[in-house]
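> Chains as they are written, first to last, in the working numbering: chain A, 1 to 390; chain B, 1001 to 1390.
It cannot be assumed that every hint is accurate.
[To be verified] Straight-line distance between alpha carbons at most 30 Å, and here's what the computed DSS-like set of lysine-lysine pairs gives:
(1) A:Lys20 x A:Lys280
(2) A:Lys249 x B:Lys1346
(3) B:Lys1082 x B:Lys1347
(4) A:Lys347 x B:Lys1020
(5) A:Lys249 x B:Lys1082
(6) B:Lys1346 x B:Lys1082
(7) B:Lys1249 x B:Lys1280
(8) B:Lys1020 x B:Lys1056
(9) A:Lys280 x A:Lys249
(10) A:Lys280 x A:Lys257
(11) B:Lys1257 x B:Lys1280
(12) A:Lys346 x B:Lys1347
Keep in mind that the hints were calculated from the coordinates and are not lab data.
Number of protein chains: 2
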Amino acid sequence: MSEYAGQDQGGASVGLVAPKSYTFAEPPDPLHLESGASLGPITLAYETCGTLDADKSNAILILHALSGDAHVAGYHRQEETKPGWWEYMVGPGKGIDTNRYFVICSNILGSCMGTTGPGSINPQTNRPYGLDFPVVTIGDMVEAQRALIDHLGIARLLAVIGGSIGGMQVLEWAVRFPERVRAAIPLATTMRHSALAIAFNEIARQAIMADPNWREGHYHGNTIPATGLAVARMIGHVTYLSDQAMRRKFGRRLQDKEDFSFDFDAEFQVESYLRHQGSKFVERFDANSFLYITKAADYFDLEHRGGSASAVETFRRAQAKFLVVSFTSDWLYPTYQSREIVRALKKNGLDVSFCEIAADCGHDAFLIPNARLTSLISSFLDRVTHETGH
Amino acid sequence: MSEYAGQDQGGASVGLVAPKSYTFAEPPDPLHLESGASLGPITLAYETCGTLDADKSNAILILHALSGDAHVAGYHRQEETKPGWWEYMVGPGKGIDTNRYFVICSNILGSCMGTTGPGSINPQTNRPYGLDFPVVTIGDMVEAQRALIDHLGIARLLAVIGGSIGGMQVLEWAVRFPERVRAAIPLATTMRHSALAIAFNEIARQAIMADPNWREGHYHGNTIPATGLAVARMIGHVTYLSDQAMRRKFGRRLQDKEDFSFDFDAEFQVESYLRHQGSKFVERFDANSFLYITKAADYFDLEHRGGSASAVETFRRAQAKFLVVSFTSDWLYPTYQSREIVRALKKNGLDVSFCEIAADCGHDAFLIPNARLTSLISSFLDRVTHETGH
């Protein structure tokens, strides 16, 4: 999620959407997590746009990335100026056309945007969980989403779509609940978090945990670990960009200066930009949620999912039609990692489309208005709708 | 500088070398810095290997990178097991053959390995400078090295050689003192620090300055900002590696574990490795020096050096023969940045050799034993020696 989030390309908006929530896994029936721990009750924040048709066959579940939320498109209030994070893609007549499809987006388990996470109240103590919150996985996030989809009475999703960590959830849906997914669209993602990606996540976590205000995760009611979280965000943010994009966007330009100041204030535009990104993030995101969600990404490995010997074996259960998309300048989840997904799917004889989109803006490309991506998604959804006889 | 530093490929060592130092710029004649500030006295730590010939024409100045030091090869004490940082390249019969050449290496201005830097005593206050140390540039580092070369009575260097920030110093030498450099070998470097490189440096600096023990740079006599410096080092360290190298070296292997521990301890090998690199670095390096040296790198821009309109104009003064080397997997200073140097040199009709070496170990490649690099440097030095009639 970046400064591009919510950027609109014009076109109609879904307009006002209402934040909703669904609570489940109430004791004595908690959700059993992959770690062996249990968690409950769980509240999922979610939003919907469009209309679910009579046979409930037009539902698309959108899965967000690290710092996203349920607010995928439209506005919560009339006077609001910033729409949901994928406004350019989701709306009437857009790539994911809300005149045709019923769009659902829920905030992921472990986050801090309305869904249960480490900042939520632990019913055992009546205080925020902090680090007592159990470590959750991409699989656990998807289990929770499945409970919501059950609650909405939807037997089979037309599609699951998401980028980055959202793309991991797409892949997990396709193998965990194969009979409930007609189409899967993983964007700018991987089936196996690489050492490089783990390294950046770990350094960001170290930055948070090094902040004395973090207090082993129990900072609630005290000063938050703002400087640590800001550094963590800056690290993440650079990995979402690219050398080319940064040269174009910032180059070596100075911020409000003619010449070097020879001190340690921010003087290059890229420095001011990063500091700004860091401090903006701290206002809206919880440091512990950052730890939990990055850890879930690091654990993600479809090659060895549930004792599987290979990704080919893991995808054996999948039934969906796939559209896999990568971006040329994404060095966090480079194209070769998408090709690995495609190979494993094809070896199972699945219906797979793959496209590497030329884009110089790095990993964030899936969030930036892109006519090619819009038309790919739109025509793929169209094909799937027709081929499955809707 | 990485864990590869000092790795030996066998072959003879220069054996015992003595740490030396040279003090100059004593008041009332301080060094005038590019910032407009002055600094003095200045002590440079340096070491030499080999023998300076009678006409003083076989001297090679080696310029180290961010965290390096004057100890380029050999051992300080008989019982020492870890040789200097470029042991594989420098020694009798090696790429830089100390049977033929007189090798000099000095610790850069602003560092903490014996040369004057922010941790040195400020003669005005009799306390460590801390942030009262003036910001220095690559040009200032080279000015200080020139004073040492004068002191050694060497009118003209056979070669200046260095990688990364050392490579920036090589380029600076070639344009600042053109008549004093016969050959210049910049490795894995750039003539203009990119927005991406500045971004990583800035985040690392933010990590240090976020550490409350940093105390605005005046931590001397108190606890050092160890956690901030460790995070800074980890950030730097990842940028010196590559996706491929990290996959090969760590993959997703766990450290001393069979399965996930579902907590925030280091469990992937890459996590343990980074934590280890961070804590090892803290024992030997000064946090403020990290700030100053990265800032010098960020300021480096030959395209606009001294009011120059282009790199072609900057290099107009250069006279040296050049060997420019880049490495395929170096994403911090990618090959296109070396090609920019080569183009600017060629437009000035200079004698330039360029080689992109296939290596999957990232920016650190220049520090890792590499037969191709060794033979390139060795034959280039041989040619320069003969062509200039030595």
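> Any hints this thing doesn't respect? Which numbers, in order?
3, 4, 5, 6 and 12
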